[in-house]
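One-letter residues, chain by chain:
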Amino acid sequence: MHKLILIPLFALAVLQWSFTEVSKYEKAMKSSIEKVYMAKNIEEYQNAINSFERIAQKETDKWEPLYYSAFGYVMISTRVEELGEKDKYLDLAKEKISEASALAPGEDEIVALEGFVHMMRVAADPATRGQQYSGLAMQALNKAVAMDGENPRALYLLGQMEFGTAQFFGSDTAMACEKLQKAVSLFQTQQPESVIAPMWGARQAEAAAQRCGAPAGE
Amino acid sequence: MKTLLTLLILFPSLALAQSTISGTVTSDKGEPIPGANVFLDGTYDGTSTDINGQFNFSTEEEGNHKLIVAFIGYTKETIAVTLPQNLSYNFSLKEEINRLDAVVISAGSFSAGEESNREVLKPLDIVTTAGATADIAGALNTLPGTQTVGETGRLFVRGGEGYETRTFIDGMEVLNSYAPSAPNTPGRARFSPFMFSGTSFSTGGYSAEYGQALSSALILNTKEIAEVDRTDISLMTVGADISHSQSFEKSSISGKIQYTNLTPYFELVKQKINFEKAPESFDGNMAYRHKVGDDGLLKVYGNFNKTDFVIYRPQIFDEELEDKVDLSNSYGHLNTTYKDILSDQWSLKTGFSITNSEESIVINNQPYDEKTRGAHTKAVLSYDTQSQFSLSFGGEHFYRNSQFDVNQEGAPEFSYNQHIGSAFAEADIYLSNDFVLRTGLRAEHESLSKKYIVTPRLSLAHKLGEKGQVSLAYGKFNQQAQPDYLRVNNNLQSEKAEHYILNYQYLTGKRTFRIEGYYKKYSDLVKFQDAYDQASFSNLGSGFAKGFDVFWRDAQTFTGLDYWVSYSYIDTERDYQDFPTTATPAFSSKHNFSFVTKYFVQSLKTQIGTTYSFGSSRPYNDPNQEGFNTERTPAYHDLSVNFSYLYRSNVIIHASITNVLGVDNIFGYEYSDQQNDQGQFVGRAIKQQAPRFIFLGAFITLSKNKVANQMPNL
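As given, the protein sequences belong to chains A and B, one line each in that order. Okay, so the first sequence: first residue is 2 according to the numbering used here, each after it adds one. Okay, so the second sequence: first residue is 2 according to the numbering used here, each after it adds one.
Just so you know, the hints here were simulated from the structure itself, not pulled from any lab data. Because the structure is a prediction, the values reported are computed rather than measured. Backbone N, C-alpha and C fix where the C-beta goes; we use that ideal spot for every residue, glycine too. One should not assume that every hint holds.
[As the list claims (entries may be wrong)] Not everything, but these chain A residues come out facing chain B in the computed CB check (under 8 angstroms):
| no. | residue |
| --- | --- |
| 1 | Ser32 |
| 2 | Lys41 |
| 3 | Asn42 |
| 4 | Glu44 |
| 5 | Ser102 |
| 6 | Ala103 |
| 7 | Thr129 |
| 8 | Gly136 |
| 9 | Leu137 |
[What the hints assert, rightly or not] Each computed DSS-like pair below joins lysine-lysine, with the alpha-carbon atoms no more than 30 angstroms apart:
| no. | chain 1 | residue 1 | chain 2 | residue 2 |
| --- | --- | --- | --- | --- |
| 10 | A | Lys31 | B | Lys292 |
| 11 | B | Lys452 | A | Lys59 |
| 12 | A | Lys28 | B | Lys77 |
| 13 | A | Lys95 | B | Lys67 |
| 14 | A | Lys144 | A | Lys95 |
| 15 | B | Lys273 | B | Lys292 |
| 16 | B | Lys511 | B | Lys452 |
| 17 | A | Lys95 | B | Lys292 |
[Claimed, not checked] Derived CB-CB ranges, DEER-like:
| no. | chain 1 | residue 1 | chain 2 | residue 2 | range |
| --- | --- | --- | --- | --- | --- |
| 18 | A | Gly85 | B | Leu438 | 33 to 43 angstroms |
| 19 | A | Gln205 | B | Thr560 | 21 to 31 angstroms |
| 20 | B | Thr232 | A | Lys144 | 12 to 22 angstroms |
| 21 | B | Lys307 | A | Gln205 | 46 to 56 angstroms |
| 22 | B | Val363 | A | Gly85 | 23 to 33 angstroms |
| 23 | A | Ser24 | B | Pro85 | 16 to 26 angstroms |
| 24 | A | Gly85 | B | Ala656 | 31 to 41 angstroms |
| 25 | A | Gln191 | B | Thr83 | 43 to 53 angstroms |
| 26 | A | Thr61 | B | Ala656 | 52 to 62 angstroms |
| 27 | B | Phe559 | A | Gly85 | 18 to 28 angstroms |
Sequences and hints are given; from them, build the entire structure.
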């Protein structure tokens, strides 16, 4: 009799355990993701990164916490002035990206974020770094788009790079704008795969697409 | 009851025991650390410290746990805690020695690299410096500590001759690193600046790892694995080249072939030298990179070059008589290095390089052959905990062989075979992030002189606040006697120099200020009366050099403008070679000044570079006068400009003109051996081959990814 009761109880316990673990992960991620998207200054970004680091050190097989830590570091790099400081945070971002891609080598979001890091290196000192890092950025972003042609972040970043290049050389921006507009419409229509899937970039993509002016044909 | 217990074990969430953990986190200097991560190992529970370094969080965990405090730049702290209970801790974190932020020894050294923002020069600077025409030595000649010696193109550092600057690629020695050139015309460094990701140009006081260099070490580090596939084509007024890089998962291979021929250019622009055949050269480069395991990297680099030209040289005594000089040179250099991380603390660097150079000079049908061979093997082990202390030690072996054949019956053979074995060790001690001491020792044995030489090195640097730092360096250096002399007398010892350097550097944003004073003492310099008489040689020469160098670079004050100013003052005298007395050598000018600007005109998509170089008068010896090296040349002036126009994201059009003003610079005078009817030695000025050198080129990059060469701000 006792044994009979114990079996369903045990099963229930396992179920509760696995359920709470998953939801606990998602819950913790969700609140941390909100923190990183809402962050207004370096301190808030650092706090959000700290949350992701705490999650990452427990969930050693998940790439997302590492991804968001990296994203947070990229954001901090845009808020510091000095070149050495920018590099410090971009180095930290790159470190996290390497750890993340070791866990999920086929994840296009990670590759796109890597492209973003290279882009920020160029932005930090275009004259001396353009040649090296814009090549790396283009390579990573093209790879991300090749992995998933519907990744709005990869399309937006690639479009942004192409737009800057085309504008600088006074050549045609049509190809770049096509990507930016596709990114904007994907941002509007695409449903995130999960509550913790990356969602950033819509506003920036819209702003970038606006520089294209009215779409061709209108 | 039993059931309830089972339920409690199975559903721990039903039993809630909360603990509160609070406290503060400060640095070891007592300042609060905001943003530190405080958490229980293996759980989600934790928090970040606030602006006052305070933290407070609660947890439902029970049993034994580890409480961790982490913050970038500080050593992680861990303590064991048993829960549930309310705990309060005050943590004091120790600052990590961060090699990126920490003080670096800057005495005597100029480094150029891609990564670090504190580099004085970027690799691109070498290519875009006007007047340098993409020659490494040419660009470095705009830095203080160097002398303008326009007729050689080499790096003469602080009273040292051109040969006293040694070139190392990935730590391995390169022999004959300049391409051959007609007498009294500048030779170019053999290696393309595009190959390197980092350059360190040391004007003294360098590490014990680098030996066999009396005055200066030019340390070039080749690029790592190529990450982007690309093809580059260059079309130039002097020739063409094509290169390609292909990257694979764990390796990359790059190759370049180049052909240059100055005939068309010399047809258009009249030269003062009468060429029967203008310099023509074939050049091939190959670089292979392979990643071994997680951290190992194998680099193989090879270069071969064949150059020849024929000139008619008027004799000094009678300009109507011309000597025909026919030179051809074949050169090969192979360089293999392997580095790997052995454990958390230990890493290994090994390498092997060989150089083979064969030069044949036919003067009026009389052939002379010169052969130089060298091999260099090296291994360095480093111990580094990324903390206060690091140590590296190693050994190396140099083999050198040089031969000069006069190709005449009964003529003596001039040659030598030298083996140099050496061991070195060096330790870096960081007393804090603001104070570092480096101390090293190097021991060498030369097979020819059978002498042991032990040379100490010592340097220290102290950071004064965020931006300024002061460094000191001292060292003894030695270098085997020049091949020309050692061939004649195999017993010559190493020449020696002692460097004392005091440096102050101030870095702020994109501005750099440096001032460096030095004193250098030479001893055991080679002396002779007759360069072909073995018995007339000795190591009894000596000399000194003292002076100071000032450098200012500013890429901040004026939008789009990057400029630097170098000034060097030097007072030097030596008694060496066939000097009858102590005198200032002919290559030395008291004042050297360079002003380099780079300005990017956005609307024209063009970078405009200018370089003005000044060298005060140089001594020369007029045998018709009393005394030695008492005469002085006029001062040297050169204004060079270049333009780089970004036609497309992958096409650059480059134009450069040296000596725009066409100043007829005189580098010195040479005199005839015999006296004329009036009892005078006949003199002739050594001048530039042509007033100007004009270069035009188009550089095209083909790549799957449209690579921008310059990117606007995003």
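Which numbered hints are broken by the structure, listed smallest first? Hints 1, 2, 3, 5, 6, 10, 11, 15, 16, 18, 22 contradicted; others consistent.
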